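Asker: Turn these sequences into a full structure, and let the hints steer you where they fit.
One letter stands for each residue in the lines below.
There are 2 protein chains.
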Amino acid sequence: MSRPKEFIPDEAIEKALQVFWHKGYEATSMEDLLTAMDLNRGSLYDTFGDKRQLFLKVIDRYCHGFVGEKFSLLDQPGPALPTLRLFIRGMIEGGLADPQRRGCLIANTVMELSPHEKEIAGTLRQVLKMAEDTFFRVLARAKQQGELKKDKDPRALARFLTTMLQGTIVMIKAGAPADAVNQTAETALSILD
Amino acid sequence: MSRPKEFIPDEAIEKALQVFWHKGYEATSMEDLLTAMDLNRGSLYDTFGDKRQLFLKVIDRYCHGFVGEKFSLLDQPGPALPTLRLFIRGMIEGGLADPQRRGCLIANTVMELSPHEKEIAGTLRQVLKMAEDTFFRVLARAKQQGELKKDKDPRALARFLTTMLQGTIVMIKAGAPADAVNQTAETALSILD
DNA sequence: TCCATAGTGGAACGATCGGTCAAGTATAAA
DNA sequence: TTTATACTTGACCGATCGTTCCACTATGGA
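Chains H and E, in that order, give the protein sequences. FYI, the numbering for the first sequence is 1 to 193, going by this note's numbering. FYI, the numbering for the second sequence is 1 to 193, going by this note's numbering.
What the hints contain is simulated information worked out from the structure, not anything from laboratory work. Mixed in with the good hints there might be a few duds.
[To be verified] As a list, the in silico DSSO-like pairs of lysine-lysine whose alpha-carbon atoms are at most 30 Å apart:
| # | chain 1 | residue 1 | chain 2 | residue 2 |
| --- | --- | --- | --- | --- |
| 1 | H | K152 | E | K152 |
| 2 | H | K129 | H | K152 |
| 3 | H | K150 | E | K149 |
| 4 | E | K15 | H | K23 |
| 5 | E | K23 | H | K129 |
[Claimed, not checked] Chain H regions said to be covered by chain E (calculated; three or more residues, Cβ under 8 Å):
| # | segment |
| --- | --- |
| 6 | 13-27 |
| 7 | 105-117 |
| 8 | 124-130 |
| 9 | 165-176 |
| 10 | 183-192 |
Quick caveat: nothing in here was measured; it's all calculated off a predicted structure. Using N, Cα and C, we set each Cβ at its ideal position, and we do this for glycine too.
Answerer: See below:
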């Protein structure tokens, strides 16, 4: 072994995540990252590779940490539909509570990079599919448990909720009033009745 | 008078629109614009100002031309709800038909610039409000004409449709399969029944 | 025909971009 | 204590960014 790092890679990634989340990929400069992560160029390039590789690590962290953690709540046994409603409301409440209205890093990145970055686009598509599939499981369970009417289509509803969530993020970033966003969420959720 | 322009400003703006729509604001360089618009630096700066001013003109053109034109169809007399359904399906069909999946310039710009460009953000918020208000008018008319059930709330539904459209744009840019997007649109429209 | 006007074309600006590199330094193992 | 290893630091790279500026050219009116 040799001289140990003076920073904790995980914490540095987290700092980078905050910057990318706030400013987007292109608008974030290496200078921004160096400042926020509080390390020097050499350390950054040696440890994380170039800007693009760092961003991939950030995306990975965001998906597995931030998002995956919350979505895993949906797969727990118990009443399905109330949990789903709480989840949706919680996500939106969280988005509205952010004073910077940064929205969701996944949606932000889809909009900024998907047309030109096929690899990243593929990753993001998988994440959105994962979200849809999680919604599908909880809806199928709700149907099985008699919480959801028999004529409802879990797959269609799962897709609907995924799309709805993305739309809400756009509206939040556009600066829509909180009460309008909440009303829209309730309107969307009414489709589960 | 003096020497006339060798280009048509309106056509040049249209070319710039295509580039910004495809690549976004930051990722579009003046070089890209000069090439696409087929004019030289001097002419561009003299006629349209700097990059930001040009972008504002592009946004304006997109809103009044592209979007305003289509939304104006909703205010015509006659059956309201079928027209609204056709409109929504048409918008989504159009988005799916674009091989580049560029989505909507307004949504793209909201996601890229809203947090940092307050002036542009304000403009875009107005445009989204205009969309919501147009949906509201057609829904209120539908209710008045007995096409929409009495217990439906036109304002809530208008907001819902606006949000839904934005979400669909995200999914289209994310590369979602056409049939999934269409199914989601039908699920969303079923809320009008 | 001549001139004022304005468009054209391209060189050049400073700033910033992402990325590289080598010299210096601190650490753990031998 | 020595040595191999790898982190730190900051100067520096070429490329590209948006923008300015000026010599040149073409046009319509006097």
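Asker: All hints, please: hold or fail.
Answerer: Status of the hints after comparison with the structure:
Simply put, K152 (chain H) and K152 (chain E) have alpha-carbon atoms about 20 Å apart, close enough for the 30 Å limit, and the pair holds. A distance of roughly 20 Å separates the Cα atoms of K129 (chain H) and K152 (chain H); the hinted pair therefore holds under the 30 Å criterion. Proposed proximity of K150 (chain H) and K149 (chain E) is supported: the alpha carbons are some 23 Å apart, at most 30 Å. Restraint check for K15 (chain E) and K23 (chain H): the C-alpha separation of about 27 Å stays at or below 30 Å, so the hint holds.
At roughly 25 Å between alpha-carbon atoms, K23 (chain E) and K129 (chain H) fall within 30 Å of each other, so this suggested pair holds. Closer than 8 Å: that is the beta-carbon criterion, and the segment 13-27 of chain H has 5 residues meeting it against chain E, so the requirement of 3 holds. For a cut-off of 8 Å, the count of residues in the segment 105-117 of chain H with a CB near a CB of chain E stands at 8, and the three-residue condition holds. With a cut-off of 8 Å between beta carbons, the segment 124-130 of chain H has 3 residues touching chain E; three or more are needed, and the interface restraint holds.
Only when three residues or more bring their CB closer than 8 Å to a CB of chain E does the claim for the segment 165-176 of chain H stand; here the count is 11, and the claim holds. Coverage of the segment 183-192 of chain H by chain E holds [criterion: at least 3 residues with CB-CB distance below 8 Å; count 7].
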